[in-house]
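Chemist: The primary structure of each chain is shown beneath.
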Amino acid sequence: MSGTTTEKTLMKGNEAIAEAAIRAGCTAYFGYPITPQNELIAWMADRLIPMGRVFIQAESEVAAINMVFGAASAGKRAMTSSSSPGISLKQEGLSYSAGADLPLVYVNMVRGGPGLGSIAPAQSDFNQSTKGGGHGDYRVIVLAPASVQECADLTYLAFDLADKWRMPALILGDGVVGTMMEGVALPPMRDLSTLPDKSSWAVGEQYKTDRKSRHISSLDLVPAELEKKVFNRFERYAKMAAEETRFEAVECEDADVVIVAYGTSARVSLGAVQEARKQGLKIGLLRPITLFPFPSAELDRLAKAGKRFLCVEMSMGQMRDEIRLATHDRSEIGLIAHVGGVVPTEEEVFAEAKKMLAGGKK
Amino acid sequence: MKKIAGHPESLLNVQTKYCGGCGHGIIHRILCEVIDEMGLRTKTVITNPVGCAIWADLYFDTDTVQPAHGRTPAAATGIKRVLPDHLVICYQGDGDLAAIGTAEMVHAANRGEKFTTIFVNNAIYGMTGGQMAPTTLVGQKATTAPLGRDPDEAGMGYPIRVLEMLATLEGTRYLARGAVNNPGNVRKLKGYIRKALEAQMAGVGFTMVEVLSQCPTNWGMDPIKAVDWLENNMIPFYKLGEIKDGIEAAKAAIAQGGSK
Numbered sequence: 001m002s003g004t005t006t007e008k009t010l011m012k013g014n015e016a017i018a019e020a021a022i023r024a025g026c027t028a029y030f031g032y033p034i035t036p037q038n039e040l041i042a043w044m045a046d047r048l049i050p051m052g053r054v055f056i057q058a059e060s061e062v063a064a065i066n067m068v069f070g071a072a073s074a075g076k077r078a079m080t081s082s083s084s085p086g087i088s089l090k091q092e093g094l095s096y097s098a099g100a101d102l103p104l105v106y107v108n109m110v111r112g113g114p115g116l117g118s119i120a121p122a123q124s125d126f127n128q129s130t131k132g133g134g135h136g137d138y139r140v141i142v143l144a145p146a147s148v149q150e151c152a153d154l155t156y157l158a159f160d161l162a163d164k165w166r167m168p169a170l171i172l173g174d175g176v177v178g179t180m181m182e183g184v185a186l187p188p189m190r191d192l193s194t195l196p197d198k199s200s201w202a203v204g205e206q207y208k209t210d211r212k213s214r215h216i217s218s219l220d221l222v223p224a225e226l227e228k229k230v231f232n233r234f235e236r237y238a239k240m241a242a243e244e245t246r247f248e249a250v251e252c253e254d255a256d257v258v259i260v261a262y263g264t265s266a267r268v269s270l271g272a273v274q275e276a277r278k279q280g281l282k283i284g285l286l287r288p289i290t291l292f293p294f295p296s297a298e299l300d301r302l303a304k305a306g307k308r309f310l311c312v313e314m315s316m317g318q319m320r321d322e323i324r325l326a327t328h329d330r331s332e333i334g335l336i337a338h339v340g341g342v343v344p345t346e347e348e349v350f351a352e353a354k355k356m357l358a359g360g361k362k
Numbered sequence: 001m002k003k004i005a006g007h008p009e010s011l012l013n014v015q016t017k018y019c020g021g022c023g024h025g026i027i028h029r030i031l032c033e034v035i036d037e038m039g040l041r042t043k044t045v046i047t048n049p050v051g052c053a054i055w056a057d058l059y060f061d062t063d064t065v066q067p068a069h070g071r072t073p074a075a076a077t078g079i080k081r082v083l084p085d086h087l088v089i090c091y092q093g094d095g096d097l098a099a100i101g102t103a104e105m106v107h108a109a110n111r112g113e114k115f116t117t118i119f120v121n122n123a124i125y126g127m128t129g130g131q132m133a134p135t136t137l138v139g140q141k142a143t144t145a146p147l148g149r150d151p152d153e154a155g156m157g158y159p160i161r162v163l164e165m166l167a168t169l170e171g172t173r174y175l176a177r178g179a180v181n182n183p184g185n186v187r188k189l190k191g192y193i194r195k196a197l198e199a200q201m202a203g204v205g206f207t208m209v210e211v212l213s214q215c216p217t218n219w220g221m222d223p224i225k226a227v228d229w230l231e232n233n234m235i236p237f238y239k240l241g242e243i244k245d246g247i248e249a250a251k252a253a254i255a256q257g258g259s260k
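Sequence order for the protein chains is A and B.
Just so you know, we're using this note's numbering here: the first sequence kicks off at 1 and counts up by one.
Just so you know, we're using this note's numbering here: the second sequence kicks off at 1 and counts up by one.
What the hints contain is simulated information worked out from the structure, not anything from laboratory work.
Given the structure is predicted, the values throughout are model-derived calculations rather than measurements.
Beta carbons: idealized from backbone N, C-alpha and C, even for Gly.
Keep in mind that the hints are not guaranteed to be accurate.
Each pair of labels, with its calculated beta carbon distance range [stated by the list, open to error]: (1) B:K3 - A:G136: 45 to 51 Å; (2) B:C19 - A:D220: 19 to 25 Å; (3) A:V222 - B:A255: 48 to 54 Å; (4) B:G20 - A:D210: 48 to 54 Å; (5) A:D210 - B:Q131: 40 to 46 Å.
Looking at chain A on its own, in the form it has when it is part of the complex:
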């Protein structure tokens, strides 16, 4: 796997994420098997062990995220991956990581829930992903790839964003994104010596300078101090949102109805938009690439321009609520919601968008 950025390789999404993480300088991976992300942990074992980097199959998702917590405390690029039930277990460690301002990357290949649910693709962890997920006030950066190429590109980016903003970054996919095969141009292998310098806050190697001892912790029993830390963190989130919001707009400017969908739902919806345009119907697609920060300003701009929206999601209106907030509830928002592993079809999305179009403005 010494491919350059121009040579294309046929890979699964899970494999592309793993390989891109290695190329981004991930030197420590800790995971626990769960479907549908098993190709990812296997790829990591295959590649990291011979490279002399750290790979551990942990005894649980709880242990895996805390191993990441330790490695990240020491300033290393560290990662874990799982699927919905396992991600619930990781929420404890993620809350502690956010509270200790630790950069790390984790992957959730979402499956149908709640509970054991199914192993089929779903987007039902939207709220958990975008509102923090564990206890306390915090956020993580959420990147939602819709292709194998994006799996690689966004994973590579996730490590940089996590380091830059000192917070966890999440790659949010599902069983379709993780297991489909597509051509991918892999990013170049990062020279580890070029990674961001974390010697101003990480533990370890105290002997190299004469610095004071350091303590990585989320604990602060003085309410006013802890409040200040949380306030500062949310100021940082706001700055991050202003710089890092990403989305793709397809045929939105002249559209009367704009479909809003991410990941697998967006792939389906793109087919519906292409069919609509063939038939001369003014339907567009706004695909959030970052779910936190959410492209709220762009949605608000489209709402002010009189667009109506059709939210297509594999969850029970979780993202629709986010669109309502972004657009101040001033626009009609239709909803196609499938859950439990059911994926919307192109025909269904096209028919609903066409119906909205014919219905005109309310």
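Given the structure of chain A, go ahead and fit chain B onto it with the hints provided.
Modeler: Using the frame of chain A, we list chain B on its own:
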């Protein structure tokens, strides 16, 4: 002139929040003395538990990391794996290690993680105010075992001998149990800690030193009675000494290019 006694450099010269008669202060001190004697203060990372020793980062003048309750062995795994030449010490109490963090502790031991656990066993939950611990003795009173621990009552079960359990795992190389109830035991304990930390730096595998420690506050007795209670009740059940010592065998295997 050579200074042969004094306040350890690795231990900040501050008053601790520990109660009168608590064993944590002594354990902190001898641990820091060994770190100093090995010259490793600035090459040490200590992971704090959740429990009374949650304040350890106020006292240790080394780098520290504070993970979630019971997850210290997992976090210490992450740290030691990416900083293999550092001295990594996982400081845990009985609730942290033998209740909420049992899985993390057992599997870190089984993987043969090359950090050292200092396991402070005072047979009670201290910080939360005297609840039953996994190591509370049968008959010993706690706020959640008001009539004393009864293995057949309310799911209380039996006290866990952690080292004897871990001794069956091949990844464990050195397991020793000491106590801080009298000067003689403190001196022996310091020897166990030194042996464990030196074994860690030799890369032999998992090392743990359990320390029987007194908690006068939550045992409901004055400090003098507490050290006697430890002697007469804890030591008969939790035998002192080196429970497992595979250090030399592991060193020989490393020298022959075997198990690293």
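Chemist: For every hint, state whether the structure bears it out.
Modeler: To see whether the hints hold, each was checked on the structure:
Hint check: K3 of chain B to G136 of chain A, Cβ distance near 46 Å, so the stated range 45 to 51 Å holds. Checked against the given bound of 19 to 25 Å, the beta carbons of C19 of chain B and D220 of chain A, roughly 23 Å apart, stay inside it. The hint said 48 to 54 Å for the Cβ distance between V222 of chain A and A255 of chain B, and at roughly 52 Å that hint holds. Checked against the hint of 48 to 54 Å, the C-beta distance between G20 of chain B and D210 of chain A comes to roughly 36 Å, which is inconsistent with it.
Distance hint for D210 of chain A and Q131 of chain B: a CB-CB separation of about 43 Å, consistent with the stated range 40 to 46 Å.
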